[in-house]
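Listed below are the residues making up each chain.
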Amino acid sequence: MPTDTSPGLVIEIAGVTKTFAGVRALHDVDFTLKRGEIHALVGENGAGKSTLIKVLTGIHSPDGGRVTRNGRISTIYQEVNLVPLMSVAANLFLGREPRNRLGLIDRARRDTEAKELLQSYGITADVRSPLGTLAVGEQQMVALARAVEADADVVIMDEPTSSLEPREVETLLEVVRRLHESGIAIIYVSHRLDELYRICDTVTVLRDGVSVHSGPLAELPRIELISLMLGRSVNEIQKHGTTAFGEGHHADTRPVLEALDLTSKPRINNIDVSIRPGEVVGLAGLLGSGRTETAKAIIGALPLDRGTVLVAGKPVPRNVKAATRAGISMLAEDRKTEGIIPNLSVRENIVLAALPRLSRFGVISRARQDRIVDAFVKRLRIKVSSPEQKVAELSGGNQQKVLLARWLCTEPKILLLDEPTRGIDVGAKAEVQALIDELAKEGLAVLLISSELDELLDGADRLIVLRDGEVAGELEGAQLTREHVLTAIAAEVMDDADSHQNSH
Amino acid sequence: MTLTATRTATRTRWLQDNGVYVAVVALLLFNALFTANFLTAGNFRTQLVQAAPVLIVALGMALVIGTEGVDLSVGAVMALAAAIIPLYLGAGPLTAILMALTIGLAAGAFNGFLVAKVGIQPIVATLALLVGGRGLALVIADGQLVQLHDPAFLALGTDDLLGIPISVLIAGVLALTVAAVTNRTTFGRQLVAVGGNRKAATLAGLPVDRVLIGVYTICGVLAAVSGVLATSRLAASDPADMGLLMELSAITAVVVGGTPLTGGKVRVLGTVMGVVLMQLVRATLIKHNLPDSLAQMIQAAIIVAAVYVARERR
Chain A
1 MPTDTSPGLV
11 IEIAGVTKTF
21 AGVRALHDVD
31 FTLKRGEIHA
41 LVGENGAGKS
51 TLIKVLTGIH
61 SPDGGRVTRN
71 GRISTIYQEV
81 NLVPLMSVAA
91 NLFLGREPRN
101 RLGLIDRARR
111 DTEAKELLQS
121 YGITADVRSP
131 LGTLAVGEQQ
141 MVALARAVEA
151 DADVVIMDEP
161 TSSLEPREVE
171 TLLEVVRRLH
181 ESGIAIIYVS
191 HRLDELYRIC
201 DTVTVLRDGV
211 SVHSGPLAEL
221 PRIELISLML
231 GRSVNEIQKH
241 GTTAFGEGHH
251 ADTRPVLEAL
261 DLTSKPRINN
271 IDVSIRPGEV
281 VGLAGLLGSG
291 RTETAKAIIG
301 ALPLDRGTVL
311 VAGKPVPRNV
321 KAATRAGISM
331 LAEDRKTEGI
341 IPNLSVRENI
351 VLAALPRLSR
361 FGVISRARQD
371 RIVDAFVKRL
381 RIKVSSPEQK
391 VAELSGGNQQ
401 KVLLARWLCT
411 EPKILLLDEP
421 TRGIDVGAKA
431 EVQALIDELA
441 KEGLAVLLIS
451 SELDELLDGA
461 DRLIVLRDGE
471 VAGELEGAQL
481 TREHVLTAIA
491 AEVMDDADSH
501 QNSH
Chain B
1 MTLTATRTAT
11 RTRWLQDNGV
21 YVAVVALLLF
31 NALFTANFLT
41 AGNFRTQLVQ
51 AAPVLIVALG
61 MALVIGTEGV
71 DLSVGAVMAL
81 AAAIIPLYLG
91 AGPLTAILMA
101 LTIGLAAGAF
111 NGFLVAKVGI
121 QPIVATLALL
131 VGGRGLALVI
141 ADGQLVQLHD
151 PAFLALGTDD
161 LLGIPISVLI
171 AGVLALTVAA
181 VTNRTTFGRQ
191 LVAVGGNRKA
201 ATLAGLPVDR
211 VLIGVYTICG
221 VLAAVSGVLA
231 TSRLAASDPA
241 DMGLLMELSA
251 ITAVVVGGTP
261 LTGGKVRVLG
271 TVMGVVLMQL
281 VRATLIKHNL
291 PDSLAQMIQA
301 AIIVAAVYVA
311 RERR
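Going down the list, the sequences are from chains A and B.
Counting from 1, position 283 in the first sequence corresponds to residue 283 in my numbering; the numbering is continuous, with no gaps.
Counting from 1, position 50 in the second sequence corresponds to residue 50 in my numbering; the numbering is continuous, with no gaps.
Please note that the accuracy of each hint is not assured.
[Claimed, not checked] Simulated DEER-style distance windows between Cβ atoms:
1. B:I303 <-> A:R177: 54 to 62 Å
2. B:V304 <-> A:D334: 32 to 40 Å
3. A:V363 <-> B:L98: 20 to 28 Å
4. A:N81 <-> B:V139: 46 to 54 Å
Simulated from the structure, these hints should not be mistaken for lab results.
Each residue gets a CB set at the ideal place from its N, CA and C atoms; glycine is no exception.
Turn these sequences into a full structure, and let the hints guide you.
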């Protein structure tokens with residue numbers, strides 16, 4: 001996409017260095033943002049993207065180097081920073097409400113203006129309802145609209161599409177384009193290469209706190225971009241493909257897990273899932289189609305209206321403890337709120353679920369713990385300075401491996417993985433994918449939930465497609481193609497889904 | 001510049017972890033130099049005997065706070081224990097003590113049930129017993145202070161074993177036990193995990209409800225133990241005054257000792273030192289003839305300082 005901007009830079013930083021507690025987060029980084037350009041900022045987790053953004057916005061002051069800003073910056077984070085209990089309109093005009101003659105807030109005008117404004121962003125929800133009642137995607141759009149209406153010259157978007165459905169992504173990208181046309185400069189941080197190539201003009205690649213590349217994006221082949229991020233040779237990446245899954249697995253005939261008629265209205269209805277040992281079953285579907293709920297229902301963390309879960313033919317009582325004891329483990333989608341215990345060490349996080357079997361009369365054996373932890377740290381290649389390091393200090397990918405280790409040391413028969421590679425860097429992603437493959441080969445039954453279709457198509461032996469909380473189809477063997485999945489997802493959303501899934 | 005920043009961070013961190021020990025040592029030194037008759041066995045004995053009941057309550061409180069909770073009912077449970085004792089003292093001191101501990105156990109289990117099963121916030125759930133428990137204690141005792149004369153029971157508060165006052169010995173043994181439970185047992189580690197991230201602990205298949213009920217029950221029993229010892233020392237059952245404002249002293253000691261109110265961490269030795277520090281502050285001021293009102297203000301300053309130092313702790 002060409003830039004037709006008036007010359008001039010809105011942001012210029014030169015030679016910026018930032019160190020936290022002895023760890024170098026940024027080293028001699030240069031970065032320039034031209035008026036009206038869409039600038040992709042990419043890098044693995046821990047490459048320094050967040051630090052750079054915080055230096056740009058003035059949250060952190062750099063240890064060395066120069067930062068020049070020419071304009072107002074507005075940042076939109078993954079988590080929306082608005083007031084959930086206030087109405088949509090109130091959030092939109094927070095701090096600059098329209099006033100009437102008495103100097104009081106003119107609510108009627110505010111609501112009308114908010115409604116008109118949001119319609120252009122594709123939001124039709126009642127502007128008087130609390131913001132918190134909107135879907136995350138809509139909330140993000142409100143945040144975006146607010147940033148734009150506040151006359152920002154620069155908008156920084158940090159992983160804006162990570163929790164959006166394809167349709168919402170489309171609307172968001174449309175809005176980004178409009179901003180671009182009105183001359184606003186945008187810094188776009190994302191893991192999703194497709195989006196970057198569709199909308200961005202320039203790219204800056206960070207690796208280990210150093211800017212390794214900066215230039216027009218269109219001239220940079222994808223494989224080259226990945227290689228810049230990873231620091232691996234292009235050949236090696238091509239050989240391994242983009243996902244690290246192997247070929248199909250040998251699956252026994254008798255299912256080890258049978259979940260029948262799982263129903264918890266209104267979220268899921270009449271869902272059947274069965275997995276054989278050594279098989280990877282994928283759960284496909286759009287956001288909100290009931291994927292996470294299905295997994296939570298299987299492990300007993302979701303109250304059910306009806307439904308049974310059988311492990312090796314035996315019914316499992318519906319609570320997490322019983323399910324865990326029966327051999328079911330679940331890697332939750334949200335690492336921070338449902339996975340790690342931040343205060344505890346890597347060792348304690350790993351052994352947490354297996355504590356009862358590592359102790360005698362309730363007294364823990366430290367030696368047995370250390371043996372197990374050492375084995376898993378090696379096997380999963382978890383990067384830690386020591387097992388006593390606090391888990392909160394690790395990168396996302398390593399935290400995910402710690403959680404995988406937590407489940408593996410309970411020796412489960414069935415592993416439910418909810419978005420196991422979300423938000424982790426490309427290198428760790430490949431490792432996690434390879435590991436899932438390996439576990440299935442060893443005879444584990446795996447349920448894989450992912451919003452990346454490629455990950456599902458490559459990783460799963462069989463796919464269950466969900467739509468609005470119901471099973472919309474099961475695909476196997478030769479049916480495992482993009483087109484089949486899309487057909488199953490829905491006739492009514494087919495038109496949209498088709499266009500972006502193909503470009504995905 | 002970076003080096004200075006790093007050094008400041010390290011220093012803050014060190015102060016967060018060890019501030020309470022530094023403060024205790026500093027106060028001891030101050031008293032050794034400027035307070036007459038401070039370095040005597042008799043004085044240490046008095047200080048420890050006074051601190052023992054608070055410590056026993058604070059140990060339970062530290063565990064509850066480690067689960068991201070709080071127990072406001074400890075003082076009321078002490079009063080209940082005190083009220084029960086004269087009723088059963090006729091059947092022998094052992095029976096009386098067991099009955100007192102049983103009521104502490106029941107009160108704690110009730111708190112745990114409200115928090116874990118009913119899902120009431122700890123501060124509200126235990127507030128119910130803070131108000132109702134003392135009321136019940138007064139009903140049981142008919143609002144009366146009862147003098148106790150059973151020599152075996154009174155010995156608990158006055159006698160020594162191996163040259164150490166029995167109450168201090170009990171407090172010490174309990175502190176060691178709580179430390180061992182916290183650090184070396186499945187229950188202790190699960191407790192910390194529940195406090196650190198309850199959702200994750202649930203999804204990890206931990207017996208979250210059982211852990212919570214267990215923690216509040218332990219806290220209730222410890223409060224009852226403290227109530228028994230304090231009653232014995234007083235040689236009277238006084239449900240109207242027994243354990244009054246004890247919940248605040250215990251929370252103060254726990255927080256000053258470096259256990260964060262946000263849960264996920266329990267510091268037993270820190271709690272012990274927190275109790276010792278607050279006791280020393282009071283003793284120092286009394287020995288220098290400063291009024292009690294000033295002691296309260298200085299305690300407040302210490303709490304603010306402790307929370308200030310800990311503010312960056314997550």
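Quick rundown of the hints versus the structure:
Taken as a hint, the range 54 to 62 Å holds for the pair I303 of chain B and R177 of chain A, whose Cβ atoms sit roughly 55 Å apart. Between V304 of chain B and D334 of chain A the beta carbon distance is about 35 Å. The supplied range of 32 to 40 Å therefore holds. Hint check: V363 of chain A to L98 of chain B, Cβ distance near 27 Å, so the stated range 20 to 28 Å holds. Restraint check, N81 of chain A to V139 of chain B: a C-beta distance of roughly 52 Å satisfies the suggested window 46 to 54 Å.
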